[in-house]
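When we follow UniProt numbering, the leftmost residue of the sequence shown carries the number 1, and every step to the right adds one.
A portion of the hints provided could be inaccurate.
[As the list claims (entries may be wrong)] 27 angstroms max Cα-Cα, derived DSSO-like pairs, lysine-lysine:
1. K372 <-> K295
2. K19 <-> K144
3. K444 <-> K218
4. K134 <-> K31
5. K198 <-> K215
6. K466 <-> K415
7. K295 <-> K415
8. K182 <-> K31
9. K202 <-> K280
10. K372 <-> K215
11. K59 <-> K44
12. K144 <-> K444
13. K372 <-> K321
14. K134 <-> K6
15. K45 <-> K31
16. K121 <-> K31
17. K47 <-> K6
18. K19 <-> K218
19. K148 <-> K413
20. K202 <-> K82
21. K42 <-> K66
By construction, these hints were calculated from the structure, which means they are not laboratory data. Keep in mind that this is a model prediction, so the values were computed, not measured.
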Amino acid sequence: MLTVGKTFETYGEWALTLKNYEDTNYIYFYKRSSITISEAKKKKKRKAANCSDDVQYYKIDYACAKGGKNFKSKSSGQRRHKTMQDNCPARIKISINDNYQLCITEINNEHNHRLDEFSYKFMARNRKLNPSDKEEMVHLMQMKANSKDAQNYIMSKTNKIVSLKDIRNIKSIAEAPLNTNKLEEIIPKLIQEGDSVKILRKSDKNLRAIYYQSKTMKQMFKYFPEILMCDGTYKLNNLRMPLYLLLTVDGNGHSEIVCSFLLVDEDEITLSEVIQLFKKENANWDATKTIFTDKDMKECHIFKQEFPDARLLLCLFHTLKTFRREITVDKMKISSAQREQCLTLIQRITYSHSDEEYIELYQSLINFNFPKVTAYYEKNWHDIKEQWVCAYRRHRLTFGNNTTNRLENINQKLKAGIEKLSSLDQFFTDFKKVLSSLRIERDKEVHDLLLKREIIEFKLDTYQWKYHNLITPFAWKHLLQQFSFIVRYKIKENLELNEHEEYILKKKTQIKK
């Protein structure tokens with residue numbers, strides 16, 4: 001109970017007493033006016049000179065949250081205003097007494113409004129989180145936690161009312177420093193030792209592209225340069241710059257991002273300069289044997305020009321998708337049944353096993369006598385059959401890949417981890433977090449490979465067992481398939497070699513018992 005004349009040795013003792021009084025009676029007092037000890041000393045107040053620093057205040061006047069100075073609006077009334085002030089007369093005054101203690105000199109506990117627990121809990125001061133809880137909430141928001149789940153968690157932990165608006169405010173404050181597209185502020189955060197960050201600009205100094213390749217990306221390309229996959233994804237930043245990734249496959253069959261770049265314009269000149277920059281930053285670029293992309297990529301021929309010794313292959317998934325999109329009833333002037341007939345045959349063409357089979361199926365397409373379909377096929381696909389027909393791709397280095405699904409999978413993870421249409425600062429912050437997560441998962445799998453040995457059916461010291469102990473599980477999976485052919489095929493007696501330096505095999509005949 002607060003009474004006039006009650007004294008307190010320190011401000012901390014008084015503050016704790018007042019807080020308990022407020023919590024018990026559901027009252028909220030605020031400092032209407034105050035004079036600190038240091039201010040009183042400057043004004044040469046009589047009692048201030050001998051006061052302890054623990055007292056802190058020379059004088060404090062408290063008012064009820066619904067009292068204090070009357071609010072007088074100076075607006076014209078066009079916008080609505082609200083205020084808590086409602087002329088409540090409740091007051092508390094404390095000041096230094098002759099013993100240099102804080103003493104209650106006046107108290108008015110008469111309120112002109114209802115006092116109840118419900119209203120008191122919703123007061124802004126009582127909803128405020130302490131620094132550690134606020135930091136935890138910021139961490140939850142950065143982890144993309146559901147707002148309602150985070151709300152229920154923090155309320156059960158603190159026993160405080162926390163509104164969704166409070167959570168949004170905490171989130172906006174936490175993200176405020178990252179809400180920028182200023183390159184001079186972003187680039188220093190990106191660069192670490194060994195990283196490459198390059199900005200391409202137009203002659204008028206406007207941005208054209210941002211090139212980012214970390215030290216780890218460079219190392220991965222140095223070790224595994226044989227295959228490159230390229231694809232872009234959109235709507236990850238508020239400048240609408242598509243993110244392009246270059247990806248390779250390591251010895252364990254894992255996907256490795258080896259370069260990234262954001263483009264303002266997806267034109268031939270910009271893409272060509274970015275690829276040239278990649279070559280400059282990676283001396284072993286000429287070790288690349290195969291490049292996967294899709295035909296819809298506007299300037300995919302740039303890769304063919306910049307990597308003259310590499311073979312350009314098209315993603316089979318996107319190839320068949322393009323056929324389905326372009327061969328339509330309206331565009332080709334055919335019926336639905338005829339369209340299905342064409343698409344079925346084109347799928348068979350795609351998976352042709354030999355040049356003879358391709359020619360036979362290609363002739364069947366011509367024999368359908370659908371002029372627009374034939375014209376479209378011959379204009380866009382026949383001359384580049386080496387890039388998409390399996391019969392002509394099977395001798396190329398692919399590590400078993402026929403699509404860019406690896407990149408599609410990475411893009412989905414990026415979209416899950418990067419806030420849509422975020423600022424460049426936020427984008428790169430989230431992008432690096434996703435990269436770190438992907439690497440941890442990769443390293444975990446490598447750890448498991450080193451820790452756990454696969455049990456195989458082959459006996460000790462057999463050539464299969466020796467191969468198994470020399471190569472990675474990814475390579476073993478492909479070699480094991482070849483071992484299975486040994487019992488089904490035999491090498492032709494004259495060991496004839498074809499142009500691809502492959503032994504011609506003949507299937508063994510079954511011996512009837």
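Exercise. Which numbered hints turn out to be false for this structure?
Worked result: Numbers 2, 6, 8, 10, 14, 18, 20, 21 - these are the hints that the structure violates, sorted from lowest upward.
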